[in-house]
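2 protein chains.
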Amino acid sequence: MKTLSLHTDLYEINMAYSYFKDNLHHKKAVFEIYYRTNPFENGYAVFAGLERMIEYLDSFKFDEDDINYLRTLDYDEDFLEYLANLKFTGNIKSCIEGEICFANEPLVIVEAELVQAQLIETALLNIVNFHTLIATKASRIKHLVPANTLLEFGARRAQEMDAALWGARATYISGFHATSLVEAGRRFNIPLAGTHAHSFVQVYQDEEEAFRKYAKHHKDCTFLVDTYNTLESGIPAAIKVAKEFDPEKNVFSAIRIDSGDLAYQSKEARKMLDAAGFKDTKIVVSNDLDEDTIASLILEQAKIDSYGIGTKLITAYNQPALGGVYKLVAIEENNELVPVIKISENTSKITNPGLKNVYRIINKKDNKAEGDYMANYDEVIDESKPLRMYNETTPLEYKEFDNYYIQNIHQDIYLNGKLVYDKPDIETIRSYHMKALSLLWDEHKRYKFPAKYYVNYSEKLFNIKHDLIKKYQK
Amino acid sequence: MKTLSLHTDLYEINMAYSYFKDNLHHKKAVFEIYYRTNPFENGYAVFAGLERMIEYLDSFKFDEDDINYLRTLDYDEDFLEYLANLKFTGNIKSCIEGEICFANEPLVIVEAELVQAQLIETALLNIVNFHTLIATKASRIKHLVPANTLLEFGARRAQEMDAALWGARATYISGFHATSLVEAGRRFNIPLAGTHAHSFVQVYQDEEEAFRKYAKHHKDCTFLVDTYNTLESGIPAAIKVAKEFDPEKNVFSAIRIDSGDLAYQSKEARKMLDAAGFKDTKIVVSNDLDEDTIASLILEQAKIDSYGIGTKLITAYNQPALGGVYKLVAIEENNELVPVIKISENTSKITNPGLKNVYRIINKKDNKAEGDYMANYDEVIDESKPLRMYNETTPLEYKEFDNYYIQNIHQDIYLNGKLVYDKPDIETIRSYHMKALSLLWDEHKRYKFPAKYYVNYSEKLFNIKHDLIKKYQK
Numbered sequence: 001m002k003t004l005s006l007h008t009d010l011y012e013i014n015m016a017y018s019y020f021k022d023n024l025h026h027k028k029a030v031f032e033i034y035y036r037t038n039p040f041e042n043g044y045a046v047f048a049g050l051e052r053m054i055e056y057l058d059s060f061k062f063d064e065d066d067i068n069y070l071r072t073l074d075y076d077e078d079f080l081e082y083l084a085n086l087k088f089t090g091n092i093k094s095c096i097e098g099e100i101c102f103a104n105e106p107l108v109i110v111e112a113e114l115v116q117a118q119l120i121e122t123a124l125l126n127i128v129n130f131h132t133l134i135a136t137k138a139s140r141i142k143h144l145v146p147a148n149t150l151l152e153f154g155a156r157r158a159q160e161m162d163a164a165l166w167g168a169r170a171t172y173i174s175g176f177h178a179t180s181l182v183e184a185g186r187r188f189n190i191p192l193a194g195t196h197a198h199s200f201v202q203v204y205q206d207e208e209e210a211f212r213k214y215a216k217h218h219k220d221c222t223f224l225v226d227t228y229n230t231l232e233s234g235i236p237a238a239i240k241v242a243k244e245f246d247p248e249k250n251v252f253s254a255i256r257i258d259s260g261d262l263a264y265q266s267k268e269a270r271k272m273l274d275a276a277g278f279k280d281t282k283i284v285v286s287n288d289l290d291e292d293t294i295a296s297l298i299l300e301q302a303k304i305d306s307y308g309i310g311t312k313l314i315t316a317y318n319q320p321a322l323g324g325v326y327k328l329v330a331i332e333e334n335n336e337l338v339p340v341i342k343i344s345e346n347t348s349k350i351t352n353p354g355l356k357n358v359y360r361i362i363n364k365k366d367n368k369a370e371g372d373y374m375a376n377y378d379e380v381i382d383e384s385k386p387l388r389m390y391n392e393t394t395p396l397e398y399k400e401f402d403n404y405y406i407q408n409i410h411q412d413i414y415l416n417g418k419l420v421y422d423k424p425d426i427e428t429i430r431s432y433h434m435k436a437l438s439l440l441w442d443e444h445k446r447y448k449f450p451a452k453y454y455v456n457y458s459e460k461l462f463n464i465k466h467d468l469i470k471k472y473q474k
Numbered sequence: 001m002k003t004l005s006l007h008t009d010l011y012e013i014n015m016a017y018s019y020f021k022d023n024l025h026h027k028k029a030v031f032e033i034y035y036r037t038n039p040f041e042n043g044y045a046v047f048a049g050l051e052r053m054i055e056y057l058d059s060f061k062f063d064e065d066d067i068n069y070l071r072t073l074d075y076d077e078d079f080l081e082y083l084a085n086l087k088f089t090g091n092i093k094s095c096i097e098g099e100i101c102f103a104n105e106p107l108v109i110v111e112a113e114l115v116q117a118q119l120i121e122t123a124l125l126n127i128v129n130f131h132t133l134i135a136t137k138a139s140r141i142k143h144l145v146p147a148n149t150l151l152e153f154g155a156r157r158a159q160e161m162d163a164a165l166w167g168a169r170a171t172y173i174s175g176f177h178a179t180s181l182v183e184a185g186r187r188f189n190i191p192l193a194g195t196h197a198h199s200f201v202q203v204y205q206d207e208e209e210a211f212r213k214y215a216k217h218h219k220d221c222t223f224l225v226d227t228y229n230t231l232e233s234g235i236p237a238a239i240k241v242a243k244e245f246d247p248e249k250n251v252f253s254a255i256r257i258d259s260g261d262l263a264y265q266s267k268e269a270r271k272m273l274d275a276a277g278f279k280d281t282k283i284v285v286s287n288d289l290d291e292d293t294i295a296s297l298i299l300e301q302a303k304i305d306s307y308g309i310g311t312k313l314i315t316a317y318n319q320p321a322l323g324g325v326y327k328l329v330a331i332e333e334n335n336e337l338v339p340v341i342k343i344s345e346n347t348s349k350i351t352n353p354g355l356k357n358v359y360r361i362i363n364k365k366d367n368k369a370e371g372d373y374m375a376n377y378d379e380v381i382d383e384s385k386p387l388r389m390y391n392e393t394t395p396l397e398y399k400e401f402d403n404y405y406i407q408n409i410h411q412d413i414y415l416n417g418k419l420v421y422d423k424p425d426i427e428t429i430r431s432y433h434m435k436a437l438s439l440l441w442d443e444h445k446r447y448k449f450p451a452k453y454y455v456n457y458s459e460k461l462f463n464i465k466h467d468l469i470k471k472y473q474k
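Line by line, the protein sequences are chains H and X. Residue numbering for the first sequence follows this note's numbering, beginning at 1 and increasing consecutively. Residue numbering for the second sequence follows this note's numbering, beginning at 1 and increasing consecutively.
Hint data in this document are derived by calculation from the structure and do not stem from the laboratory. Beta carbons: idealized from backbone N, C-alpha and C, even for Gly. Among the hints, erroneous ones may be present.
Simulated coverage check for chain X against chain H, where a stretch passes if three residues somewhere in it have a Cβ under 8 Å from a Cβ of chain H [unchecked claim]:
id, region
1, 151-158
2, 162-171
Here are the simulated distance ranges between beta carbons [said to hold, decoys possible]:
id, chain 1, residue 1, chain 2, residue 2, range
3, H, N318, X, D425, 37 to 43 Å
4, X, K364, H, L299, 54 to 60 Å
5, X, F449, H, D261, 27 to 33 Å
6, H, N318, X, A275, 42 to 48 Å
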């Protein structure tokens, strides 16, 4: 199998080369992955990508083909030999999949030798950015229609094959029920959904005949009723054919409407199905759906049981990139990890220095999360005492909590290069997500204008940051 | 190696099952891939994805693992045995990569047994939709700054790994000069670009020291000058370090500015570099660039030699899906291919029936393309006679050409399942694209409000379509 180790930006290798030549390659460094704004103006994001990160890291090595290619780029042989023997030997802490996360807090923390930490940057960002984006988009939709069946139909519009495959998985984590992509079903043990296309009706050139043939060979059929005219020919044909079959066989599971005015047609369809005695037959709709069109369908009291969602989910159409970054926050000097900062004219782009822990502060009374508390790695929190947290700009503004307990949002994934995390199955991840989401107040889950969730600093971390800023402002 | 054959939607397999059980699986069908609107309101699109399609089709088979998984979905054994022995034996015509294409004309035409044609739908759309989208986005950017160096920097923001890899290739086809993604360089023989990150400066905690160390071990350095303050510390440090080196070694190839006001900073940077005697040192900029920000930089007369473009290119940020579809246009009846149609209330969604040829009509006087002419497959065009083409809605409107020659926009790729197309190398594809683009009038290439390019019908095709519409309107 081909390694994924060259799935990295050239500058990572150029920096590795400098560090190696400068004998800095064993220096420890801490990088963290975070993003600056919740996607889709949502109140939170859903972390995903850990399983894929592990797949990548477990296979991280430069094989002979990799080295031979790098040789063509004119690196010295001593460096190539070093790379040929390189393994990942660092520590990684990460949110687990399905975890709720927020802007500006570390999602993944890499503590490793400088070269190793740098070489894995591109792939880790590539993975976390996409998986987290799609899981978050799916979560927004799930929040609007928690009682409906949600089907992921995006493969044909996904941005190449990996996106179709891993995107389907991300939507399942956030509560979707099935995907159309067979490979995702096989690979991740996700339920599959799908019936027939318009072409199937066109082949028989007659809706009745097409439905009849389909029902002959399948159970629980969903008939696609909009090839010619949904209300005038599609639904009547579906009803007529369904009546030809033994009611015990229950062939007529659903109709699917894939074009036209879904609100109007679904309401008319419901009446027609009910009048014909098919009260249990479901209505599935699709056609460029996203959370905005679904919200509008709800407001119009459309009669919809199930949504098939493709393009706008699998590409995160209205914001197709999370914008996650991988920033150096600490570097080893004299055997200690020293916090470092990157300054910017834009305050939101100033990094948060230091190796950190992030704690979710949960109100014991309501069992609801009140905020996330970022502390330096060596701080110990005494849950019996009030906890004060500072916002990023001024020590004058703070919030104080008591009667709380805390949860570290990260788990150890790798220790000294060894995987120490038991990969859960997909159902466990999916359940964990529901549990994590239940800690949030509803106000943070609103799909438009959510209440702001606070991710703030310990006093120590606040001071570390502000001292470093002052140092560079001089 | 794992097959890609399960990279398909479940409904394709369900339809295949019906066709097999109904003994229709050997019936010939014609499907075509097309999209309905040029992406980004551009005047054209750049076709890409053929190499990946061939990779997919050449490996198309259901192996034992595939069959075992499908068995869990409750298909009969006779069908599974049929799939286990299935090969692609059909014909495919396609635009070649780099070709200029337009809305509503077939980009890929699949003529194959019904089951085969249906099973490959999902993957073909997944591929063509993404590759064509990114090649088109890159072409828009290239058109604005044809004389500048264009670098693809998107891997970390791409929608998973395949998108990073194949996306980089698509941008190169459209005239980009290099990518940061090492794997793309190796796999496709594309030039690489990249120097160092902000973290590199942070590691040394001093820009001068970082640049000095970098220059010691690399040639033609690009120093990233915005870690702390571009004009006050970054550029002065770069200049100071560059002067320490032998001018013959030419270490100081470029600076890169990745934040802040790129127009202002680039102009100031140019003055500073020139004043210090580094007139040949280039200025590279990056930071969420796309064709709109680049147009604005041009209007401000920014002094920029090279653009590094990431997120907004690799995700096609402002329109992350092409929306290409795969529609049945003809079906075998009594050994003849009979055109079929899909009706829709929305006229733009009515399909164009029939197996077609599409000809680019090129004006001999100017050697410019005047329009694309869609004809039924059996029509012969006599280039010595005037050619009349009809728009899709009324026979009252037509255009007529003389003094023209024609080019079929498709080539034979597979004949009876055999690859008959010699895959060109990437440089040949890239050159072909430039040549194909040169046939377009500039008015169709404007990045905003391009003149409409006509893709119209032969009289015969117009009549086939309108006769079928009338049949279903009855």
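Each hint tested on the structure:
With a cut-off of 8 Å between beta carbons, the region 151-158 of chain X has 5 residues touching chain H; three or more are needed, and the interface restraint holds. Check result for the region 162-171 of chain X against chain H: holds, 6 residues qualifying (beta carbon to beta carbon below 8 Å, three or more required). Taken as a hint, the range 37 to 43 Å holds for the pair H:N318 and X:D425, whose Cβ atoms sit roughly 38 Å apart. Distance hint check: the CB atoms of X:K364 and H:L299 are about 58 Å apart, consistent with the given range 54 to 60 Å.
At roughly 31 Å, the beta-carbon separation of X:F449 and H:D261 lies within the given 27 to 33 Å, and the hint holds. H:N318 and X:A275 have their C-beta atoms about 46 Å apart, which keeps the hinted 42 to 48 Å range intact.
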